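Student: Protein chains in written order, with the numbering used here: chain C, 32 to 290; chain D, 32 to 290; chain L, 32 to 290; chain P, 32 to 290.
A few of these clues could be false.
Remember, identical chains collapse to one label, so a pair may be satisfied in a single copy or spanning two.
As the list claims (entries may be wrong) - Pairs of lysine to any residue, SDA-like flavour, derived with a Cα cap of 20 Å:
#1 K260 - A274
#2 K260 - V273
#3 K260 - M272
#4 K49 - E194
#5 K260 - A212
#6 K184 - S288
#7 K184 - L204
#8 K260 - R271
#9 K260 - P205
It should be emphasised that the hints constitute simulated quantities derived from the structure, not laboratory data.
Quick caveat, the model's predicted, so the values are computed rather than measured.
Protein chains: 4
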Amino acid sequence: MQTVQPDDLVLLVDRDRKSFIVRLEPGSQLHTHRGVLNHDDLIGTPWGTRVYTHLGHPLWLLRPSTDDLVRDLRRISQIVYPKDAGYILMKMRIAPGCRVVEAGTGSGGLTLVFAQAVSPTGRVYSYEVRPDMQQLAHRNLEQLGLTEFVEFKLRDIAGGFDERDADALFLDLPTPWDYLAQAHEALVNGGFFGCILPTTNQVSRLIGALEETNFGLIEVEELLLRPYKAVPARLRPIDRMVAHTGYLIFARALIPSEE
Amino acid sequence: MQTVQPDDLVLLVDRDRKSFIVRLEPGSQLHTHRGVLNHDDLIGTPWGTRVYTHLGHPLWLLRPSTDDLVRDLRRISQIVYPKDAGYILMKMRIAPGCRVVEAGTGSGGLTLVFAQAVSPTGRVYSYEVRPDMQQLAHRNLEQLGLTEFVEFKLRDIAGGFDERDADALFLDLPTPWDYLAQAHEALVNGGFFGCILPTTNQVSRLIGALEETNFGLIEVEELLLRPYKAVPARLRPIDRMVAHTGYLIFARALIPSEE
Amino acid sequence: MQTVQPDDLVLLVDRDRKSFIVRLEPGSQLHTHRGVLNHDDLIGTPWGTRVYTHLGHPLWLLRPSTDDLVRDLRRISQIVYPKDAGYILMKMRIAPGCRVVEAGTGSGGLTLVFAQAVSPTGRVYSYEVRPDMQQLAHRNLEQLGLTEFVEFKLRDIAGGFDERDADALFLDLPTPWDYLAQAHEALVNGGFFGCILPTTNQVSRLIGALEETNFGLIEVEELLLRPYKAVPARLRPIDRMVAHTGYLIFARALIPSEE
Amino acid sequence: MQTVQPDDLVLLVDRDRKSFIVRLEPGSQLHTHRGVLNHDDLIGTPWGTRVYTHLGHPLWLLRPSTDDLVRDLRRISQIVYPKDAGYILMKMRIAPGCRVVEAGTGSGGLTLVFAQAVSPTGRVYSYEVRPDMQQLAHRNLEQLGLTEFVEFKLRDIAGGFDERDADALFLDLPTPWDYLAQAHEALVNGGFFGCILPTTNQVSRLIGALEETNFGLIEVEELLLRPYKAVPARLRPIDRMVAHTGYLIFARALIPSEE
Chain C
32 MQTVQPDDLV LLVDRDRKSF IVRLEPGSQL HTHRGVLNHD DLIGTPWGTR VYTHLGHPLW
92 LLRPSTDDLV RDLRRISQIV YPKDAGYILM KMRIAPGCRV VEAGTGSGGL TLVFAQAVSP
152 TGRVYSYEVR PDMQQLAHRN LEQLGLTEFV EFKLRDIAGG FDERDADALF LDLPTPWDYL
212 AQAHEALVNG GFFGCILPTT NQVSRLIGAL EETNFGLIEV EELLLRPYKA VPARLRPIDR
272 MVAHTGYLIF ARALIPSEE
Chain D
32 MQTVQPDDLV LLVDRDRKSF IVRLEPGSQL HTHRGVLNHD DLIGTPWGTR VYTHLGHPLW
92 LLRPSTDDLV RDLRRISQIV YPKDAGYILM KMRIAPGCRV VEAGTGSGGL TLVFAQAVSP
152 TGRVYSYEVR PDMQQLAHRN LEQLGLTEFV EFKLRDIAGG FDERDADALF LDLPTPWDYL
212 AQAHEALVNG GFFGCILPTT NQVSRLIGAL EETNFGLIEV EELLLRPYKA VPARLRPIDR
272 MVAHTGYLIF ARALIPSEE
Chain L
32 MQTVQPDDLV LLVDRDRKSF IVRLEPGSQL HTHRGVLNHD DLIGTPWGTR VYTHLGHPLW
92 LLRPSTDDLV RDLRRISQIV YPKDAGYILM KMRIAPGCRV VEAGTGSGGL TLVFAQAVSP
152 TGRVYSYEVR PDMQQLAHRN LEQLGLTEFV EFKLRDIAGG FDERDADALF LDLPTPWDYL
212 AQAHEALVNG GFFGCILPTT NQVSRLIGAL EETNFGLIEV EELLLRPYKA VPARLRPIDR
272 MVAHTGYLIF ARALIPSEE
Chain P
32 MQTVQPDDLV LLVDRDRKSF IVRLEPGSQL HTHRGVLNHD DLIGTPWGTR VYTHLGHPLW
92 LLRPSTDDLV RDLRRISQIV YPKDAGYILM KMRIAPGCRV VEAGTGSGGL TLVFAQAVSP
152 TGRVYSYEVR PDMQQLAHRN LEQLGLTEFV EFKLRDIAGG FDERDADALF LDLPTPWDYL
212 AQAHEALVNG GFFGCILPTT NQVSRLIGAL EETNFGLIEV EELLLRPYKA VPARLRPIDR
272 MVAHTGYLIF ARALIPSEE
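Based on the provided sequences and hints, a complete structural model is requested.
Tutor: Encoded structure:
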């Protein structure tokens with residue numbers, strides 16, 4: 032039976048589904064509203080068991096999912112939700128070995144998903160202009176042991192990206208139409224372009240600009256995630272749900288014919 | 032500028048967004064309703080350019096996305112859609128290096144996504160009872176060069192899985208409640224369980240059975256994908272959409288307390 | 032220009048879209064968190080103008096919509112939302128002159144919509160077992176001047192309905208399958224049956240029972256209402272929405288063939 | 032037991048849910064792909080029973096719902112769906128006795144719903160510029176016996192509406208922003224304004240124009256209708272659904288303060 036080891040990243044979930052993610056360090060303590068847990072008491076405990084705070088409150092001891100990691104991220108900006116991030120992987124073929132460019136880094140939610148997906152041989156090049164953002168994202172990914180797959184760049188992308196022949200490039204910023212020439216230049220010919228935007232006005236403007244910058248096969252989609260109450264005899268959607276995270280825009284970097 | 036090479040997998044997309052995926056073999060031909068293309072004429076052509084059939088019809092020459100690959104799959108069964116597959120990766124932390132068990136293989140759509148996501152160091156163990164299904168899935172993954180990451184098993188899972196300590200296990204079959212003890216045995220303690228089911232009756236039955244088989248933190252969700260017409264001045268959802276693919280059920284394999 | 036008169040029902044809406052509905056009585060006052068309004072100051076004021084509390088806070092003076100009335104209703108039970116109520120009118124042809132049976136009355140939300148729709152020549156027969164519920168519903172409809180179109184009955188419907196040849200019959204209660212014979216008896220041959228239920232388990236059970244009780248042309252549907260932020264340059268769905276109110280079930284009371 | 036009479040409007044539904052709506056005339060025949068029915072054979076038959084074509088195919092004999100009527104309408108333009116029409120009644124308080132202005136008439140789908148809802152004492156004023164449209168709508172409503180509640184006007188609304196103090200005004204045309212001053216003039220102070228538009232660009236433009244024309248309390252919403260397969264043991268959404276009919280925009284005609 033596999034047990035928890037020092038330096039492991041653990042997810043602790045209480046009865047109300049409130050959860051905590053921590054990296055275990057001998058001698059440390061986790062303080063929750065339900066009481067305290069000594070990391071030393073967790074080390075050596077089998078995964079999947081129930082542990083107790085000093086007040087006797089039970090918590091499940093588990094490995095976090097990618098969804099858990101993204102939702103738990105410390106953030107100072109809107110993050111890309113896992114439902115969208117997973118779909119982006121599918122639409123942009125982000126897989127082990129890929130070289131992916133991203134701007135802006137934000138709190139690092141998408142950076143995390145990309146870094147994990149391209150590891151161990153690929154690489155994420157992540158651009159950000161705000162130093163505080165970048166520092167937070169760096170700390171977030173360091174906590175997850177993913178920094179070796181990411182090159183963080185503190186830079187305005189108006190001057191262009193350093194990379195060439197990138198497999199995929201994703202823009203999560205308010206005015207993506209300003210950077211399409213730069214994006215096209217950084218992408219391999221035929222490469223995958225992606226973007227997420229909150230308003231319909233931005234979507235209209237972006238797809239107009241994409242058409243004028245040698246991008247093609249443009250797609251606009253949105254994903255709605257509807258959670259259910261998991262009660263066998265009373266199965267039903269929960270009362271309220273997230274109604275909007277963003278519109279996803281995908282396109283391919285094309286090479287215009289000479290004619 | 033990167034050019035297409037022999038043995039490359041290419042996506043060809045015509046003006047109406049109809050697409051074809053082929054692996055290039057010197058001397059071969061692709062026959063479409065718009066005319067014929069010689070593989071030899073494509074080899075050496077830059078990615079992202081337009082090529083023409085013998086009737087003069089243009090097609091974009093591109094690398095396929097994972098979404099393209101799944102949608103293009105030859106199938107004799109319902110496939111798991113990319114919107115669901117991408118989210119499954121997020122919820123079950125399926126990433127490079129993971130050992131993932133799956134049953135049934137079906138046409139191999141999810142097998143493809145899992146194999147790509149766990150490569151190069153992980154492995155997918157995929158169970159199926161129907162020989163014709165398994166053969167089709169095997170051929171589908173061979174076409175994509177992904178068989179080295181998959182162990183195909185032609186076997187009824189009622190007798191249990193061969194694996195132990197699997198990171199994640201996914202069931203895509205009509206009566207998952209019949210195999211929960213076997214699933215729990217194959218999973219690492221605390222491991223990720225997932226399932227997709229079309230009807231609410233099946234969902235109710237499965238979550239009832241999960242509760243009785245030491246699975247916990249059960250979640251039921253569904254994803255709706257809404258595509259838009261990507262016209263800058265007339266942005267709007269398309270008229271009709273897929274209304275239902277399946278309910279996603281996630282849970283964790285727990286170890287009951289002794290008390 | 033039409034002005035507000037004594038005994039008019041008015042909707043007052045503040046800057047944050049918080050709203051109040053009151054019937055104007057000379058000498059009365061409306062107390063809001065933004066200050067006080069004298070009914071006498073409102074009487075004689077044109078509809079559609081801005082009025083001010085004694086603290087100077089502006090409120091729009093308007094006639095309430097049916098949607099406003101339903102949302103404002105004092106309630107001790109879940110109400111049927113206007114999105115569902117409006118669709119029920121369409122599916123059950125509830126229009127001026129119809130005779131409609133309803134159980135249970137609840138807080139009277141659907142009763143209100145039905146009463147308004149069948150007036151002035153039709154009638155609603157509304158059954159309820161809980162006296163407190165019925166009193167609340169009665170008071171709610173009295174406030175709106177709609178009681179003349181409703182016959183309230185404090186009675187368990189297990190013993191059957193008093194009506195025969197009703198045009199439409201709607202059940203808003205947890206175990207509708209217990210009352211289908213009674214419903215069939217009260218409906219005109221071919222009449223419209225409707226029901227709203229929160230869980231999938233209830234829907235399955237009801238449609239099974241309907242099939243066995245000479246109901247046919249069964250339909251199950253749900254309506255999702257998605258509100259947008261009405262900002263011209265930043266149009267987008269609001270962040271969160273109601274994810275579930277209930278499943279709507281419609282059927283027709285059929286007469287079995289003799290054969 | 033109520034029986035079908037000459038001049039009754041009947042709905043006939045076959046086993047595959049294909050339906051026909053006809054007004055019964057002694058001596059007439061209904062020709063379907065399943066065979067012929069003599070109106071004379073239907074007259075005197077109880078509602079809710081099964082009748083048979085000369086080829087022996089069964090059809091249920093029923094009164095049509097408003098939903099049935101709208102869906103069956105002969106049309107040369109897009110109609111407003113019943114899900115939207117029912118909600119419009121709720122949001123604009125369209126009820127017996129109301130005076131409602133509408134433009135354009137189109138095929139008369141919404142005219143039908145409004146006429147039925149305001150009868151017997153209210154009235155619909157419906158404007159249209161295309162004579163063929165208006166004729167079709169007139170014929171459609173005549174078939175349903177609703178013309179006495181509608182005043183059809185063949186006229187460009189750029190010159191204004193004839194009505195004043197209308198309770199509600201609905202625009203179903205491509206450039207509603209061109210007619211807002213006219214709409215405001217026709218509405219009672221505080222009156223209900225509504226509109227349906229297919230694209231986000233139109234919505235942005237309309238709400239911008241509404242803000243500049245003394246309309247307020249603007250709301251933008253959309254309704255998604257999701258039908259289910261009504262099978263008790265295999266309850267599930269149907270595979271495909273209508274993804275978009277239109278965005279609904281509601282507002283109130285306000286009187287600006289003097290200040």
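Student: Hint compliance check: list the failing hint numbers for this structure, sorted ascending.
Tutor: Those not satisfied are hints 4, 5 and 6.
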